[in-house]
Amino acid sequence: MTTTLEPAAGPTTDAQATRERIASLLQSYGAAIVLVILLVLGSIAFPTFATGSNFANVLTQSSFLLIVGAGMTFVILTGGIDLSVGSVFALGGVLAAFGSTYGIVGALLFPLIVCGAIGAVQGLLVAYAGMAPFIVTLAGLLGVRGLVLAATDGGSTTPLISDPAVVNLGQGAVFGIHWPVFIAIVVVVVGSVLLARTRGGQSVLAVGGSESASTLMGLPVARVKFSVYVVSGLCAGLAGALNAAYSSSGVPTVGVGLELNAISAVVIGGTLLVGGRGNLVGTVAGVLLLSVIQNLINQVGSLNSSVQAVVSGAFLAIVVIIQTVLSRTQRL
Amino acid sequence: MDAPAASPANTDVPVLEARGVTKRFAGVTALSDVTFSVRPGESLALMGENGAGKSTLIKVLTGVYQPDDGELFLHGEVTSFARPLDAQKSGVSTIYQEVNLVPLMSVAQNIYLGREPRSRLGLIDFRRMYSDARALLNEYGIEVDVRRPLRTLALGVQQMVALARAVSINASVVIMDEPTSSLEAREVETLFRVIGLLRARGIAIIYVSHRMDEIYRVCETVTVLRDGHVVHVGSLHDLPRMELVSMMLGRSVEKVRRGGVTEFTDANESDAPPVLVADDLSRKHQIDGISLVIRPGEVVGLGGLLGSGRSETLKGLSGVMQLDRGSVSIDGKTVRSGSVPAAIRAGIVMLPEDRKSEGIVPNLSVRDNIVLAALPKLSRAGFTSKRKQDAVVDVFIKRLHIKVSSPDQIVSELSGGNQQKVMIARWLAMTPKVLLLDEPTRGIDVGAKAEVQSLIDELAHEGLAIVLVSSEVEEVVEGSARVIVLRDGSIETELRGDDVDEQSLLAALAGDSSAGAGAVTPGATTTANPDEFPTKADA
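Chains as they are written, first to last, in the working numbering: chain V, 30 to 361; chain U, 49 to 587.
If we strip away everything but chain U, and leave its shape as in the complex, we get:
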């Protein structure tokens, strides 16, 4: 792994700096007194888990949001960006995860939109535009017919065009938000080469990615955000991955040893014949070769950082996401892939990550929300039986202790925890064999969290097979009998038995080589050599 080149101008005035920036939304503080700076030619990794404030900070730096408090400095002078255009004009450019260009227009048009070279008559000089565009792209070693519509090019090339456009507008800082998420390995190499060229010219790079390998390759410094605060600023090179990850998650190894903080009882591995067997689930850019075996009564955790493929694995299992490859079978029978109805018929149901947009129908009653998926079962010749519905609804409201004034209460009036229980009830009404839970306790208060956790526990004891995805480390560790750790869309390792502890999980999340075998000795993680990162083949 090549070491990041030393910045040519590390001692200069920061090209872009935020001092004491605070940003609140409706009483919630998204950024709190954040101080942040990047120097010419520096490549800085901006790290943090979901909700840490990364995207808010980027939006403040690019003029999308105005800070409530604090100031921005550009080349040492106070500045403020009223809108994205102001930031762009001042030399702060952003490359987004999805290519934000006009696919129907040509490469050259896209690079020069809004600032096309013009002849004396005020008309666009296409010949000059094409030759300028060609020359610009050639600087980065990209040979492409600049008259071709952008959409006919590979995504990587489109990304390069976006970058060329950004930099050609006199950029002094380029912010890259997950730039590689849809790129091929070869295209990533090209991107990294171009980043090197930009840095050599003194352009600062702010790089946001969840891919550890990339961060360590491209960046020399790191700023870690957690809960809206800057928790670490420093050289990335001297920072072991393990420590970086624990800073992002806000958990020290010592704290972990103090024991349980969740409602889960000791989870046991089951030796019953498997209910779900998934083999080689793959989808381009998302997951690659994921195989799982789940037994009845077992809670299996899926660990991994954001973007590791946890949610995508669940979506693949439940038929929500089309798979390029791989099969799922229940009790030995193959389930047609890519079909939600087929998965539900086979007994696989999923509680989606985003309750509001993917699950609850907010304006319907509790009753209607519970029976929604089970309606076909509760009806005859297309007519639903109210009596049968009431019976089902009644059972689940009692069983899951859903706090409602009546089954007719509108579901959006319930608390987050009770809404989540309604969702669980909806799927339990289908008498599933496998329950996939994506962040089941996100956004619900502590008490409800405990109730949902003990419910999961109870369901498993009754023989339901459960796959649990959670970004809360303790929830995965204490809730699961086994934890399958994903990284960059593949299975990194599996933790079993006594290895299922927070420390091993953190190490595996970080991709430390010592975690590969699941035999982590206390202390080993903190002394892990940052230069010895495993490749995927090791895992």
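Just chain V, with the same shape it has in the complex:
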């Protein structure tokens, strides 16, 4: 016995089991609980908060981040990270504007193909070349932003979208809710089913939970890791295209720092940064929570955007501390 074994978790007593179950529930649904509390408090404090138009606005603002966050959730569940999504988001928007001359098909297909391919390249490097996700996607963040600038004369031109069908994809609404919100919901539902109910989804959780065990169990570890970066690239490209349709232009400077918001939302949503555990419902709660905080700060009016960043940062720090405590309680 030359390997030093950590004291085994050991059989769990009832009291411990209860504590662990509560901690586990808090980890999974904590964001949703805080979200509800904020919604209630906000409605009481600000008369302009709990209005249909404000909520619709929050949902639209959230939808783009949610689609990016959905892809990011898959990546983080495998224990990886995707820093390139902000740049890919911008690229998706610019490509959607270019592609919109071929109508709605061009506006979606063009960005999805290119952004999916960027995800695939990053996935290949991470999964098959064994490079660190942080570095590979940091290179992606820098390189793809460069591509965006190259495509827009150093960012000096902004390709506009004139096709009304494409513009309608972003700005059209049913019951006052914009199309991107419905698309984001579809992405989350499909993603959730994939994750929870398919072999591929289970493999994502297994790889994040223990890569060595997954290898020894004969799971296609490399393929799983490759796939999540493709998914993340597709999601970021889709979100960028929808954002461009919404603003009827492919602004080359959007999405700076978006990767950090997406990672924050995923972590706030209870997905473990080391992988193996989490879900998309949590990411939904995380995204909405960030949007609602931003909206509430705007409601105060006297606070400017720098305060908002401080609050978001402090909030994330608190969430991570709580998550660490919860993880320890569960002896993860």
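Careful, some of the hints might be misleading.
Unchecked claim - Have a look at the derived ranges for each label pair, beta carbon to beta carbon:
{"hint": "1", "chain 1": "V", "residue 1": "R50", "chain 2": "U", "residue 2": "R67", "range": "17 to 27 Å"}
{"hint": "2", "chain 1": "V", "residue 1": "I214", "chain 2": "U", "residue 2": "R373", "range": "52 to 62 Å"}
{"hint": "3", "chain 1": "V", "residue 1": "R50", "chain 2": "U", "residue 2": "R72", "range": "13 to 23 Å"}
To be verified - Chain V is faced by these chain U residues, among others (derived, beta-carbon under 7 Å):
{"hint": "4", "residue": "L122"}
{"hint": "5", "residue": "G124"}
{"hint": "6", "residue": "V126"}
{"hint": "7", "residue": "L133"}
{"hint": "8", "residue": "Q136"}
{"hint": "9", "residue": "N148"}
{"hint": "10", "residue": "L149"}
{"hint": "11", "residue": "V150"}
{"hint": "12", "residue": "M153"}
{"hint": "13", "residue": "L171"}
{"hint": "14", "residue": "I172"}
{"hint": "15", "residue": "D275"}
Hint data in this document are derived by calculation from the structure and do not stem from the laboratory. Fair warning: this is a prediction, and the values are worked out from it, not measured in the lab. Beta carbons are placed, not taken as given, at the ideal position from N, Cα and C, and that holds for glycine.
Based on these hints, arrange chain U on the given structure of chain V.
Showing chain U alone in chain V's frame:
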């Protein structure tokens, strides 16, 4: 002790066979012309000391390595496994020392990962998965909530889940590598019961363990490897433990009597007041109730096979390993346990077993490596004095005859023996009272070995107390005044004076009852009755 049940199908074609398998790594032959087979329902013990080629053989059998020469046969037909998955699909499953499952996922998910039952829509049918998992585990008499995350279960149950998974993938051979190393006695019983069930179904078991008692309980045949060669194949039942051990170590009793092969001079017991007293050192699954008294100028050997707790005892003494129980004191003063700095301050230093990963800082110079631990002593207000360092380094390079071009030479350029001397110098610079040596001569050439051995001798004569762990029997025997023999984490016996010879040590390692009193008469060991094994209580 129950006799292993007779195999139901001993005359069948071997389920798995290796013929003439050779495996080389960068010129070193790890396996040489190994022929090996296991039949349906057979339980085979694969034995050998460290470096004998056991793990290489297992890796060849499970598709991790490809043999350079020779062939594998599965059910009598030539086969080859390009990767572990191929072996698994062909029915060769492996249970590893550490449970290799996903702790965050449920028991059922772990059993069916990658082959989950699916509904017509292609979605996972969790209800069926749970009921299948429950039924599967019930077959082995294990009642557990299959929806619980695996990590909330005891290690033994986790091991069972791993086994259930392995066997449910149509395994015809299950390889178990030290499966009991982290199990409780009760869990071991469950494992053995399940092994019995598997064998009754015609599944072959290849069992690797260093625990003699287990081997004799579970296995009916044995294949012994040494230095990459198969040195013995046969029934385990007719093989006395003593003989098994001497085959593993490659030493015959006759050869031993010819006398010394090391540089050690006659070691004498000391009667000075003890410098180190350790009482009841214990840590779950590793060591249990180890007590030692070491006097200045004494070299005390710690004997034992791999996994007996030798290295763990040293780690407990030096504060590297946290102890559950027990105390260590130096000159009557208790040393705070589990703290390396406290142990070093008290004067206990350890030369670790793995020089490369635990000791040497390869990219630093000889000078820096020597003064590393002593830096706090050689500095004032956080600034180190180069002059003082040079003085210390100079002394030790001369004293230990370390062959360097200059103190600034990078240590990784030195030979293994000189690196080891640098390590010893590092600790001597701390002016220790007790020096713990874990395999001090492993991996260094013969000449350097002799130098290190005579250095140990010299240090002891100067009054340093030394504890010596070595898997080389002659080194322990000739280097030590007394030998404390460990087995399964406890002290089996202590050999003193004239009893410190190779024969008694081998007998004690094997756990033969006759060795318990330390009074082994020549010849007694070879006729020892294999059925009369002592329990721990006898020792």
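Which of the numbered hints above does this structure break?
Of the numbered hints, 1, 3, 4, 5, 6 and 15 do not hold.
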